[in-house]
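K.L.:
Read off the chains here:
4 protein chains.
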Amino acid sequence: MDIKVGRQAIQEATDKLKNWDRWGKDDQIGTLNHVRPEDIVKAASLIRTGRVFALGIPLDRTGPQTGLFGGRFNPIHQMLATGTDAIAERQDWNKIRYADDTLMLCVQGATHWDALGHIFYEDKAYNGYDAKLIDANGLNVLGIEHSKNKMVGRGVLKVAIGRGDFVIVRTGHMERCLKEGQWGGYAGGDAPGVKFENCYWCQEKQVAAICSDTWGVEVRPNETKEANQPWHWVVIPAMGLCMGEIFYLKELAEDCAKDGVYEFFFCGPPLLITGGTGSPINPQAIK
Amino acid sequence: MDIKVGRQAIQEATDKLKNWDRWGKDDQIGTLNHVRPEDIVKAASLIRTGRVFALGIPLDRTGPQTGLFGGRFNPIHQMLATGTDAIAERQDWNKIRYADDTLMLCVQGATHWDALGHIFYEDKAYNGYDAKLIDANGLNVLGIEHSKNKMVGRGVLKVAIGRGDFVIVRTGHMERCLKEGQWGGYAGGDAPGVKFENCYWCQEKQVAAICSDTWGVEVRPNETKEANQPWHWVVIPAMGLCMGEIFYLKELAEDCAKDGVYEFFFCGPPLLITGGTGSPINPQAIK
Amino acid sequence: MDIKVGRQAIQEATDKLKNWDRWGKDDQIGTLNHVRPEDIVKAASLIRTGRVFALGIPLDRTGPQTGLFGGRFNPIHQMLATGTDAIAERQDWNKIRYADDTLMLCVQGATHWDALGHIFYEDKAYNGYDAKLIDANGLNVLGIEHSKNKMVGRGVLKVAIGRGDFVIVRTGHMERCLKEGQWGGYAGGDAPGVKFENCYWCQEKQVAAICSDTWGVEVRPNETKEANQPWHWVVIPAMGLCMGEIFYLKELAEDCAKDGVYEFFFCGPPLLITGGTGSPINPQAIK
Amino acid sequence: MDIKVGRQAIQEATDKLKNWDRWGKDDQIGTLNHVRPEDIVKAASLIRTGRVFALGIPLDRTGPQTGLFGGRFNPIHQMLATGTDAIAERQDWNKIRYADDTLMLCVQGATHWDALGHIFYEDKAYNGYDAKLIDANGLNVLGIEHSKNKMVGRGVLKVAIGRGDFVIVRTGHMERCLKEGQWGGYAGGDAPGVKFENCYWCQEKQVAAICSDTWGVEVRPNETKEANQPWHWVVIPAMGLCMGEIFYLKELAEDCAKDGVYEFFFCGPPLLITGGTGSPINPQAIK
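Line order of the protein sequences matches chains A, B, C and D.
Numbering of the first sequence is given in my numbering, commencing with residue 1 and proceeding in unit increments.
Numbering of the second sequence is given in my numbering, commencing with residue 1 and proceeding in unit increments.
Numbering of the third sequence is given in my numbering, commencing with residue 1 and proceeding in unit increments.
Numbering of the fourth sequence is given in my numbering, commencing with residue 1 and proceeding in unit increments.
Just so you know, the hints here were simulated from the structure itself, not pulled from any lab data.
Check before you lean on any hint, since a few could be wrong.
Copies of one chain are not kept apart here, so a pair can be met inside one copy or by any two copies together.
List of simulated lysine-lysine pairs, PhoX-like, C-alpha gap at most 20 Å [to be verified]:
hint, residue 1, residue 2
1, Lys205, Lys42
2, Lys25, Lys205
3, Lys158, Lys258
4, Lys25, Lys250
5, Lys95, Lys225
6, Lys4, Lys95
On a predicted model such as this, the values are computed, not experimentally measured, just so you know.
Chain A extracted, bound-state conformation (with noise of 0.2 Å):
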């Protein structure tokens, strides 16, 4: 394929990729619907060994925030009570001893799921849902709960996809920051990724999900000065497609070079978080 990339070629891959209506009217999902209930018991029968990888990175002041992108900032995490409260005699009155937290944090700004709702073309979302619908209360339509029981399915890392799969790509991005011992231009600098037309081989294949161990998924610089994160224009509010960020993959990566299953049973059930724009999660890969 040789595209141009710029605002002419996303108006033709919207035009031809777009999925409205196509799981209906009132579809909140899009390409998770490619997971069919078959596909999970199936995926079931890649748990061999009992082998279990988290692909999430830590949630805390360390992340990868740096402040290019929107306002985004690393997590805040705050005790509302302390074991040295408990042991100066703080807590007796209410007769046990404990520890609690909060926790403040960008739902986009570590290892995440993106709604459906998250990127707009021109004034709509997905499904032709009026970017309106998503105001300063949040994601009124296409937010992350619609997906709670729909994250789970085959992973894979490497060639041969297919219908339904959650399609991980390693690019060794993060693995070359966390060895270097700093994020630098992690969040929203140049990364590597998925060319524009990517977007046409996620529709044919057919995948419920791509995601990367960068940023954003697609590359970076971007491929034009027309827009930003092409790709993403694409993708999100024509094709419905599933996208998961800023994966940590050094340990599943190193495990299925090891063994040569690059297969497994996927399982990354994001938070129920009303209206949201996506979700903080910590995905399991199972061998």
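We have chain A; now place chains B, C and D onto it with these hints.
P.N.:
Just chains B, C and D, lined up with the frame of chain A:
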């Protein structure tokens, strides 16, 4: 068993059930050690039809926190970017139209795991760790992040419990609240639940975790005036028992009643909240 | 004056009272322009005995927000460092023992100023600014920061109002709530307050600001079904009137009743919240 | 004075300068007791031309917190309602068009007062209060709310200091940062400031408060390796000295240089943050 619940019974149970050093002096995950890889493989065989049940409740301002306990509040979801901004052309300088958001929540405010550093007995946490290691910076030991790939195995909703099971106790308490349309005293008030003596049963059965549709698993009012949540005093700091609370069980229970199968594959990954006293979750029961 | 309050009366008042361009096309502070330097000098002469009254209410979880309006919540105060940590020697690596904290609050949740970008009429804010300039990034115009050194002048609690005065209206509503020990519908419910026609009076008197011990200065229930807070519709976007709400007036009022002096030096500096719709404050009345 | 700064000097100064019980065993405001009503009346006479200077810095993400100290972060301002929502007709069900917002900030992250419970010496806070009274619930004693109507008096920017003065020390450090367009190590790094021995001077002069355009008033690097901020160790817990930090002084200083008048009416009310270690402020200097 006929136990007079109180400080003395707590001390006795602590002495008898203490699992400190059982899995090594640096152990951070307690009873999750009961799950063996072969259990996970076997549990996978329970995935027979591909039905997935989400056991989390929504994270929003309609949650159960009504101020009864410890300054906890319901999740606060706020937008960083909206569709209304998009259509008002406020984002076009950046050549992308999108929505983005933040979430502030009490880690234990909705469906969640307790971490082992959540409860102390006198000056100690599980495995003998000093309670002072849990300070305003969070849990320097026994944080939820240590269980990042450990919440996978067989789930059971009824009798016939085996070693390494994730035991789920349905009392119907949450369903009553949801039916009545109000949480009332759900968070911190009276509730059905396990009795103090259940700590002996959990130890004997070698369960991986115990989860419930109530705020605190154990029965309330407390069985004694000498301690608040006496069962907690033992099962977390002495035994290192993994505990899940505020699980949504309605749909799963109805399905089990229908097909008569009360066991399933269970996958409930915590977020990697560094030093967290627990994690909000949306556990998956897969049949 | 006999006004039938409604959309038509709002339109008429808007047309008659509009102060757009009155203080220049870039003006950001509206009626605060009525205060002249000589007024401040004169007000200083009202400081006769050195008694200072704080007009703010406490910022904590006992505040008036009970969920009636717009997702507002009471302030959440959390510690970053504690004395219990200090005595448990958790801070000594840093060679200092200290306490530190954070505050999360709704800008308009307790005693506060409204900024002029807080209310719109149709698609416009004060001085003709397009409402779309107030987006998810905050108030790009008419933010509270523009009044950073403008909240100083003569305060008056009773009749004889002059140009540039900070007029304080005491209804006793807050004092009743405090006496009863509960806020009830204080924030967003029924309340005594000024009638719609008061907008004409404020314009004629050239007051700098109007402040009250209620949630919204104007009377509730609204005088019409056609608009919520009809007086707000006019005084902020058309007139640019500075407004202070939820003022604590008990001690000041008692003092004024005692000495018969109802005027004082007033100093109520807002925080410089860049793009804020207002600011929490603790105004000072000095006699 | 020739002091070898270190733990011993701190102990000596503590012994000599301790103001515990000086103003009663329940005193919560320390050196603010030096201000007498007649001082306020006299200070009012310094208001001669009605010029008002705001000494606060903006509260936004461009603030000075760069992560050097204690997990502090810059203010996070988020909208609850926007003008873009308003013009998209998302609010019209409520018959009012408006903007609303929240602010999350570190209490000591920008221009602020320190409360007397902010710093401990060994196990004690000012006036002999046990440090354990400052726990995860906040400052149960010595919180900033106690100074709610006490931050009023004569301000001075230069020599000739009197009892009860709010002494303002301008080093030019902030102005250099603002000129260079970057905060660098402003918050927690090296800085000009008062020497340790200044604690004796403050006691002798009976100042009400000392304020500066730096992060911590005292000189950095510390004058000793034995303590971090040795002057703080004495002036807050022993003396109960009121301290203001990160003051913006450029415009005030220029004005004083121009008219040769370095004294003014000072009014810097704290917010009533119940149990706060301090308060963000926007102090006013009025001439």
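K.L.:
Against this structure, judge whether each hint is valid.
P.N.:
Right, here's what the structure says about each hint:
{"no.": "1", "hint": "Lys205 <-> Lys42", "result": "within (18 Å within a copy, 31 Å between copies)"}
{"no.": "2", "hint": "Lys25 <-> Lys205", "result": "neither (23 Å within a copy, 49 Å between copies)"}
{"no.": "3", "hint": "Lys158 <-> Lys258", "result": "within (14 Å within a copy, 39 Å between copies)"}
{"no.": "4", "hint": "Lys25 <-> Lys250", "result": "neither (40 Å within a copy, 28 Å between copies)"}
{"no.": "5", "hint": "Lys95 <-> Lys225", "result": "between (63 Å within a copy, 9 Å between copies)"}
{"no.": "6", "hint": "Lys4 <-> Lys95", "result": "between (69 Å within a copy, 17 Å between copies)"}
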